[in-house]
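So the chains spell out like this:
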Amino acid sequence: RKEVEQDPGPFNVPEGATVAFNCTYSNSASQSFFWYRQDCRKEPKLLMSVYSSGNEDGRFTAQLNRASQYISLLIRDSKLSDSATYLCVVGRGSTLGRLYFGRGTQLTVWP
Amino acid sequence: SAVISQKPSRDICQRGTSLTIQCQVDSQVTMMFWYRQQPGQSLTLIATANQGSEATYESGFVIDKFPISRPNLTFSTLTVSNMSPEDSSIYLCSVEDRAKPAPFGSGTRLTVV
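Chains A and B are the protein sequences, given in the same order. All residue numbers for the first sequence refer to our numbering, where the first residue is 1 and numbers rise by one. All residue numbers for the second sequence refer to our numbering, where the first residue is 1 and numbers rise by one.
If we strip away everything but chain A, and leave its shape as in the complex, we get (with noise of 0.2 Å):
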């Protein structure tokens, strides 16, 4: 089993709508989770953070399911600029460097 399952995609919107990917992972001891975005042929970068929380940063929302091992990622009012590959990223351990990545979920945001 992969240490991050993500949607497979693609996603194909309208601008305006919103979308919202999901991502599970298998190791409960896990401490730190990321979205990560990563544009056509670029080093993938990082666009938030995830907290039991949850939190928002503007248009995203993220969420984190300790119980069901499940994170989320909403984008609300997408822009044509939202077109990227979003990448699930679980931490390994305590050094934040150690990253497990799912293979990523396209969206194609079109006018």
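Rather than coming from a laboratory, the hints here were simulated on the basis of the structure. Quick reminder that beta carbons are idealized off the backbone N, C-alpha and C, glycines included. Incorrect hints may appear among the rest.
Restricting the straight-line Cα-Cα distance to at most 20 Å, the calculated cross-link-like pairs of lysine to aspartate or glutamate (EDC-like) are [said to hold, decoys possible]:
(1) A:Lys42 x B:Glu58
(2) B:Lys100 x A:Asp57
(3) A:Lys2 x B:Asp97
(4) A:Lys45 x B:Asp26
(5) A:Lys42 x A:Asp82
(6) A:Lys45 x B:Glu96
(7) B:Lys100 x B:Asp26
Computed footprint of chain B on chain A, listed as stretches where at least three residues anywhere in the stretch have a Cβ under 8 Å from a Cβ of chain B [unchecked claim]:
(8) 49-60
(9) 87-93
Okay, the calculated bits of chain B under chain A, using three or more residues with CB under 8 Å as the criterion [as the list claims (entries may be wrong)]:
(10) 9-21
(11) 70-76
(12) 85-95
Since chain A is already given, all that's left is putting chain B on it; use the hints.
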């Protein structure tokens, strides 16, 4: 946030040869990490490089194939040895940056022919 520079940005190499990738950080960091992203796949951690000690490799990766150097707190190299077409990937360097998760270098796109 740390700024990471990687060289080369891309290369095309003959099978059986080796390529050394350099990673330079603009600040001193304890840990540096090397990842691989194979075509159509997500990132996989190869190893953790600590200054002054041998790198720690993840399952499926060995030192003979991916030797790593970490001569100081701002620099590391990853060598891809005896390359085959299966080694064609993007190789990315990252660091642990003040209790935040890793920023990444822009990566090295390797094609083995």
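Has the stretch 85-95 of chain B got at least three residues whose CB is nearer than 8 Å to a CB belonging to chain A? Three-residue rule met by the stretch 85-95 of chain B, so holds; n is 3.
Establish whether the coverage given for the stretch 87-93 of chain A by chain B is satisfied; the threshold is a Cβ-Cβ distance below 8 Å, and no fewer than three residues must meet it. holds (count 4)
Checking C-beta pairs, does the stretch 49-60 of chain A have three or more residues closer than 8 Å to chain B? violated (count 1)
Starting from Lys100 of chain B, check that the Cα of Asp57 of chain A is at most 20 Å away, please. 17 Å, holds
Does the structure keep Lys100 of chain B and Asp26 of chain B at a Cα separation of 20 Å or less? Between Lys100 of chain B and Asp26 of chain B the Cα gap is close to 16 Å, so the pair holds against 20 Å.
Verdict on chain A covering the stretch 9-21 of chain B, criterion of 3 CB contacts below 8 Å: Since 0 is below three, the answer is violated.
Per the coverage rule (Cβ-Cβ under 8 Å, at least three residues), is the stretch 70-76 of chain B covered by chain A? violated (count 0)
Hinted pair, alpha-carbon criterion (20 Å max): Lys42 of chain A, Glu58 of chain B. Please report holds or violated. The given pair, whose Cα atoms are some 24 Å apart, is violated under the 20 Å limit.
Take a quick look at whether Lys45 of chain A and Glu96 of chain B sit within 20 Å of each other, Cα to Cα. 14 Å, holds
Has the given pair, Lys2 of chain A with Asp97 of chain B, been kept, meaning a C-alpha gap of at most 20 Å? Distance ~27 Å between Lys2 of chain A and Asp97 of chain B Cα, so the pair is violated.
Does the structure keep Lys42 of chain A and Asp82 of chain A at a Cα separation of 20 Å or less? 14 Å, holds
Distance restraint between Lys45 of chain A and Asp26 of chain B, which requires alpha-carbon spacing of 20 Å or less: Status holds; Cα separation ~18 Å.
The earlier numbered hints that this structure contradicts are 1, 3, 8, 10 and 11.
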